[in-house]
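Keeping the supplied structure of chain S fixed, place chain Y upon it in accordance with the hints.
Number of protein chains: 2
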Amino acid sequence: MVGLNITHIYLTKECSEDEIVEEVLKLNEDPGVHGVCLQLPSSVLTSRVANALKPEKDVDGITDLNMGRLVRGDFSKGFVPPVASAVANSARSGLSLHRFKNKKKKKKDLCVFYVSDIEISRAQTPKPVTQLAEEIGLLPGELEAYGRNKAKVRLSLLDRLHTQPDGNYVLVAGITPTPLGEGKSTVTIGLVQAFSAHLKLNSFACLRQPSQGPTFGVKGGAAGGGYAQVIPMEEFNLHLTGDIHAITAANNLVAAAVDARMLHEATQSDKALFNRLVPSVNGVRKFSPIQISRLQRLGINKTEPTSLSPQEVSRFVRLDLDPSKITWQRVVDTNDRFLRKITVGQASTEKGQIRETGFDIAVASEIMAILALADSLEDMKNRLARMVVGTSRRGQPVTAEDLGVSGALAVLMKDAIKPTLMQTLEGTPVFVHAGPFANIAHGNSSVLADKLALKLVGRDGFVVTEAGFGADIGMEKFFNIKCRASGLRPNVVVLVATVRALKMHGGGPNVSAGAPLPKEYIEENLSLVADGCRSNLRKQIQIAQLFGVPVVVALNVFKTDTLAEIDLVCQIAKECGASDAVPCHHWSQGGRGSVELAKAVKEAVSRPNNFQFLYNIEMPIVEKIRTIAQKVYGADDIELSPEAKAKVDYYNQQGFGSLPICMAKTHLSLSHMPDKKGAPTGFILPIRDVRASIGAGFIYPLVGTMSTMPGLPTRPCFYDIDLDPVTEEITGLF
Amino acid sequence: MVGLNITHIYLTKECSEDEIVEEVLKLNEDPGVHGVCLQLPSSVLTSRVANALKPEKDVDGITDLNMGRLVRGDFSKGFVPPVASAVANSARSGLSLHRFKNKKKKKKDLCVFYVSDIEISRAQTPKPVTQLAEEIGLLPGELEAYGRNKAKVRLSLLDRLHTQPDGNYVLVAGITPTPLGEGKSTVTIGLVQAFSAHLKLNSFACLRQPSQGPTFGVKGGAAGGGYAQVIPMEEFNLHLTGDIHAITAANNLVAAAVDARMLHEATQSDKALFNRLVPSVNGVRKFSPIQISRLQRLGINKTEPTSLSPQEVSRFVRLDLDPSKITWQRVVDTNDRFLRKITVGQASTEKGQIRETGFDIAVASEIMAILALADSLEDMKNRLARMVVGTSRRGQPVTAEDLGVSGALAVLMKDAIKPTLMQTLEGTPVFVHAGPFANIAHGNSSVLADKLALKLVGRDGFVVTEAGFGADIGMEKFFNIKCRASGLRPNVVVLVATVRALKMHGGGPNVSAGAPLPKEYIEENLSLVADGCRSNLRKQIQIAQLFGVPVVVALNVFKTDTLAEIDLVCQIAKECGASDAVPCHHWSQGGRGSVELAKAVKEAVSRPNNFQFLYNIEMPIVEKIRTIAQKVYGADDIELSPEAKAKVDYYNQQGFGSLPICMAKTHLSLSHMPDKKGAPTGFILPIRDVRASIGAGFIYPLVGTMSTMPGLPTRPCFYDIDLDPVTEEITGLF
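Listed in order, the protein sequences are those of chains S and Y. To convert a position in the first sequence, counted from 1, into the numbering used here, add 4. To convert a position in the second sequence, counted from 1, into the numbering used here, add 4.
Check before you lean on any hint, since a few could be wrong.
Any copy will do: because identical chains look the same in the list, a pair fits if it lies in one copy or spans two.
Heads up, simulated DSS-like pairs for lysine-lysine below, C-alpha to C-alpha not over 30 Å straight-line [said to hold, decoys possible]:
1. K680 with K223
2. K355 with K345
3. K275 with K223
4. K523 with K578
5. K578 with K635
6. K345 with K329
7. K523 with K290
8. K223 with K290
9. K355 with K329
10. K563 with K290
For the record, the hints were derived by calculation from the structure and aren't laboratory data. Since the model is a prediction, treat every value here as computed from it, not as a measurement.
With the rest of the complex left out, here is chain S (with noise of 0.2 Å):
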C-alpha cells in the first residue's frame, strides 16, 4: 500500500492557470514520467489545463472528459471541494482530488509523489449516510446513524422487502497469495463502483470489519486502497460503529463466567450453591427461564425448586467444568503475543484456582463466526446459548446457557447484530459486517449483510462480497458454510489473480514482506506467468467450478505488468475454463477501471449455473475432511493424529457429527505446505487436531499449527499514527 507511483501535480493557492500549464507540458516532454494525475479543484481544472496534457500521458482520462460536466465545488479554502454528495454515482474518476499540505514538491527522479490512501481517502468528503441511505431506498426509520459518514442498518428491513427479489449474487476469491496479498478487496470494491457509478446498476459491497491489532500493528488498515477504497478510512479502520467491541465484551463476560463458577462450585456445598443460584426473594423461590433451560437438557423436567432431589440439585448446581478441558479463550483486539499463554487466578483471593490459558485477537472469538452466520437476532441468540466452553469432568460439553450467560450475551450484541452502512469514494453503498478469522473461522462477512444487500439492489443489482484467503479456503467455506446458514446461492466467482503471485506459482524466486522484489516480479516474465496460469490459476478455477458457478478472472494490474503478460493471463485464464478474464485498474483509476471486469461479471450470471455443494452434510466427518482435501486441494489423502480421531469419536457421539468442515489450514498453499506454490500433488493432508464451535455450527480441523495472536513488531505502525490536534485529522493510517 505505497501509493500510486504516478505523477501528480498539487495545487497551491497562489498557482495561476498559466503556471498549471506550463508544469504539465514540461511533465509531456519528460521520457522520465509515465503518468501524469492532475488532482485539481475543478475550479482551476480548465479545458485549457485539461487539454495541455498529452493523451498517452493521462492516467486519469481527464482529456476524455467532457469539461463542462464537472461539478463545481466550493473552493474558498482554496483546498478540497466537498463534492462528493453532488457527484456521489456518477462518473467522478476523472476528477481526482486531493489535498494539497504544504509539501514542497521534491523534484526527485521521475517527479514522482506518493499518496497515501488515507490522503486519497480525507480528499473526498463522504455524502452524509442519512443521503446515501435515501438513494438506496431505506426509510428514516431503517437507519441509526452513528456520527454523520456511517449507520447501522435495521434488520426490519427484512421484513419490509420480503417480497423483493434478490439480486445477483457475486463472491469474490483469489488464487493462492504471495505473503504481501493480492487485492481482494480492492477489486471488490472497484467492482461496485464499476456496476454502480459508471454502469449504472445497483450495486453493494458487503466487507468484512478489521481487526485493530493490524492497524496499529503490522499490516495497516484494509478498507482498500488507492481509489477504491471505503470511506472515510479511518472510521472503516478503528471503532466503526462498535461491533468488536461488543464481542470482546460478551466473549469475555463468558470467560469471566467460567472461572468464577469453577471458584463457586469449589468452595461451596451443593446447598449453598442451590440457596446462591435459586434465591428466595420476599419467600419465592423460582428458577430463571435460563436455569429451566438447563434442567430440560439434564432431563429434570421439574419447574418448582423445592421438588428437586439432592441429587438433581447436585446436577443443577454443578458444571463441574474440568479445569484442563475449558476451550474457552478470552479476547482483546490487540497485537499482543504476551497474552498467547498466560497463568490466571494468582491473587491469593482466587484461592490457588490457578489454570493455563490464553487470550486470542478478538476476531477469533466464536462470537464473530455467530454474529457472521446468524439469519436473525433470534438465531443468533440460540447459537450464542450453544456455544461450548469446555467439557465436564463426566465429559458433557459445558454451554453458555449452562453458565447463565446467554441473554446477556444477546443483550450485548444487539447492536451488532446489524450491518454497518457506509459508502465507497465514488459514493456507492458498502455494508461493513463481522470479520471471522479465514482458518478457525470462516472468513467471510455476515449473511445478515448479503441478505439485506440482496433485497436493496433488486432483481438486476449486483451484490459483491468477499471470501478471505484464496478460494481453495474462503471460498469452499463461503458455499459449503455460509450458503448453507443463509439459503443463498450464488450468480458467479470473480478470481484476483496478479501477475506477481502467478510469477511465484510459475517458479518465481520467494516473496516476503518488508524484502524487494526479485527482479522476476518487477521485469517481463512470460513463461513464470504462464506456469503459474497452468498451476494455480487452473486448479482454483477447477475449484470454483466443483460448486458449478462461473468464474470471471480479475488480473489486478500493477504498474510493472506488461501488455503480453496481461494478455498472456487472459488468454490462459479462458483456456482454463473461466467465463472471461480481464484486467483491473481500480487501483490508480477506481470505477471507470474495472468497467470490463463489470461487463464480464453481467456477461457470465446469466450463464447457466448448477450450484450444489461439495458433500452431504450428513457424511461422516471423517467423509467430509477426506473430500474437501482431495477435490479441493488435491491431497492423495488424509491422516488423522490419535488426538484428532478420539476428537471426532467425541463430537459423534455427542451429536456434532452433521455439521459442516471448516479447514484452518494455511492460505499460502494449496497443500499444508507453505512453500509449496502453484498445485501441489501426491501429498497427505496431517490432521493434527479437530476442535467445534458448535455455537457457530462448525468443527474444525487444524492442518498445522494457527496463531490466533499476531504480535508487534519493533516498530509498529503506530509510530507513524498521530492526530492533529487542532484540525483533528489522522496521519499514518495507511
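Frame of chain S; chain Y shown alone:
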C-alpha cells in the same frame, strides 16, 4: 433498586373506566395500601378516575393536577403512549406511564406490585436526540447522533459559545454512605428534572458513564432509578457511544507495546534495534516526530539519524524497562477476578520473558482519569504522552511517548473526548462522560462535559455534576483536582443524606448488601438520627465549608422514614451550617419531588461564595497529604510506610512534587477504618504506598488495599438479563 413499594394499577385493553374506578375505590379502603400510583395512559386517566383516588393515598399528586392540561398520546396499541417528545420539559410526573406486560395481577399481602427501573425507563419513549439538541441550542453540525437516543457533541461548541457567560455550577456530594449507596445519582437527576421541567430554568446533569462490570455483576446499572432516570437506561448501561471500549483499546495497546518492546530489546543489538526503529525507506532515514520528542527528552538535540554516536543510539533505542517496575496494567470492562494477578509471556514465542502482572477493570485505567480531566483534544494528547508505564533500570520514568504509541492513543480516543448527550425521564438534557474510579482516581465526570453544559445553560441556568463516594473523597477531589484542572468554581454543594445512613452513623447496627435491614432502620428512631446528624453530617458540611462553598442538604426520603425523622434531619442540618435542608421525593415522583430542593439550591447560589483550595499546590507531597488527613478526615496525623517515603522521594526527584493529591481511601468511613462510622477522631492515617498517575496529573497515596478488579458472585446479575428476539426488549437490567 427493587423498585417502588407502592401499589400500581395497570391497564389492560379490556379495562373500562368503571372497572378502574372500582379498583381505585377498593384500594382507598384497604388499610394495607399506603400509596397508589395510577399508571394509565391519559386517554383513560379521566378526571373521574383521578377524583376517585383519596388524596392521602395519592403518591404522584395526580389529584392535584388540572386534568385538562394532560397531554394526550397515541394509544392505538392500547399500551404505552409515545408522549415524551410532546410533554418533554413540561410538568409530567403526575402521569406515570407503564407498559402492561400481560402480568397477572397477583393479589398478595398489600396488593403491591414492583416496577423495575427498566420497565419505567422503557415506558417512556425518549424524544429524538436531534430534537433535544435543537431545544438546548446546538447547531446540527455540532451533533453526531449515535442512533436515535444519544449523540456526541463536538468540542467546537466551546469556541462558538466562548463569550457566553457560564451558568451556576452545582456539585452533588454525599455523606459517608452505607454499602447500599444513598442515591446521589437519583438526586442529581431529580434536581435537573425539577429545574428544567418544573421551574422552567435551563439545567443540565453531568453524569459518569458506568462500567459494564457491575451491570452484569452485582450492583446493576447506574442510570438513576425510579422516576429519576436517564433513558433509555439500557443504552446508558451498555456500550453507550463506545468510550469505555476506546479506553480499553488504548490502554491495552500501551500494555502490548510495553511487553513487545522489552522482548525486542532483550533479543536485539543496539544496531538492529536502531535499523528497525528508524528504517531506511527508499534510501532515506528519518526520525518520526514522536522519536524526536524522545531524543529531546534524552538531551540529544539531533534530528539526523546518522549523526548519533553509538552511545546515543543505545540510549535512544533502549527504554531499558525494569520488568519488576512496570506499573501499567491491562484492562477489561468485565468483573473478571481471575485476571487480578496473572503471569504473561508463557508461550515459547516469547522466549522466556515471563512476568507477573494483572488486569484492572477498564474504568480504573489512567486513560479514563485523563478523559475526565482533559480540557481539549490537545491537552488530552499531551497527557496521554506523559503517562508513565514503568521505570528503567537506571531509575528513569518511561512514558507512552517513549514507546512511540501516544499518537495512536490520541487517534483511538478522538471520539471518546466528545461528551454524550442523553435525556432524563422528563426530557431534560444530560451529559454522560467519563467515569474514573473514585479511589485510585478522582471519581468525577468530565471537565469538558461540565464546561459545555455551563455554556449551554447560560447565566441563569444550572449545571448539576456528581462526585463519587462521600464528600470527604469525591468532593475534596472535585475541588482540589478537578476544579484546579478546569478553572471552574462551584456555586453550591448539594449534600445527599438518608435517614438510613444517618442512623448507621448514629450507632445503628451494621448495614450490608443482601442482608435484611435491622429494625432500627425500618422503625422510627430519632435518637440514632440525631446522633448521625451531629457526627457525620455535621463533619461533611464542615468539609464543604472549608472550601468556602454554601451547602444544601438533600434528604433522599425512603418510604420507611417518618415525618419526625425527616424534620429532625432538616433542623439539625441547618443548625450545623447548611444553607438549607429539604426532603426529596424524586424516586417516586420524578422532578416534582425535587422542586423544593431546586428552590433551595437556587436560593443558595445567591449567597456569598468564597471558594478556596484546601492546599497550595507547591506544598511538599507529605504536607499536602497531612492537610487532607487532618482537615478533611479528622486524623491526628499521618504515618508513611518506608515504601511510601521512598516513593515520595522518587517523585520529588523526578519533578512530580507539585501535583495534587488523590487519596485512595475507603468510602465507608471518614477514617481509613470502614467500620468507624460517624466522625472518628484520634487516629493516625497510615499511608501504605504512594503511586502516581502522571498523565492524569496526580499523586495517589494508598490508605489500605484498593481492589481494582471486582469479581462475579455465584449468581451474577446476568442470570436475569435477557433479550426478546422479536420485540428486541431487554429484561432484567436494573
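Since the copies are identical, ignore which copy is meant and state whether K355 and K345 lie within 30 Å (CA to CA) inside a copy, between copies, both or neither. both (21 Å within a copy, 12 Å between copies)
Checking an output row: K345 and K329, CA cutoff 30 Å. Within, between, both or neither? Both ways: K345 and K329 sit 15 Å apart in one copy and 22 Å across, limit 30 Å.
If the cut is 30 Å between Cα atoms, do K275 and K223 qualify within a copy, between copies, both or neither? between (53 Å within a copy, 24 Å between copies)
How would you label the pair K523, K578 (within, between, both, or neither) given a Cα cut-off of 30 Å? within (28 Å within a copy, 88 Å between copies)
Reference check for the pair K563 and K290, CA-CA at most 30 Å: within, between, both, or neither? between (70 Å within a copy, 27 Å between copies)
With identical chains treated as interchangeable, where does the CA-CA distance between K523 and K290 reach 30 Å or less: within a copy, between copies, both, or neither? Between. Shortest inter-copy distance 27 Å satisfies the 30 Å Cα cut-off; intra-copy 74 Å does not.
When no copy is specified for K680 and K223, does a C-alpha distance of 30 Å or less occur within a copy, between copies, both, or neither? For K680 and K223, only the intra-copy Cα distance (24 Å) is at most 30 Å; the inter-copy one is 57 Å.
If the cutoff is 30 Å on CA atoms, where do K578 and K635 land: within, between, both or neither? Let me know, please. within (21 Å within a copy, 87 Å between copies)
Same-copy or cross-copy closeness of K223 to K290 [CA-CA at most 30 Å]: This pair counts as between: shortest inter-copy Cα distance 21 Å, intra-copy 52 Å.
K355 and K329: within-copy, between-copy, both or neither at 30 Å Cα: Close inside one copy (20 Å) and across copies (26 Å); limit 30 Å.
Checked against the numbered hints given earlier, this structure breaks none of them.
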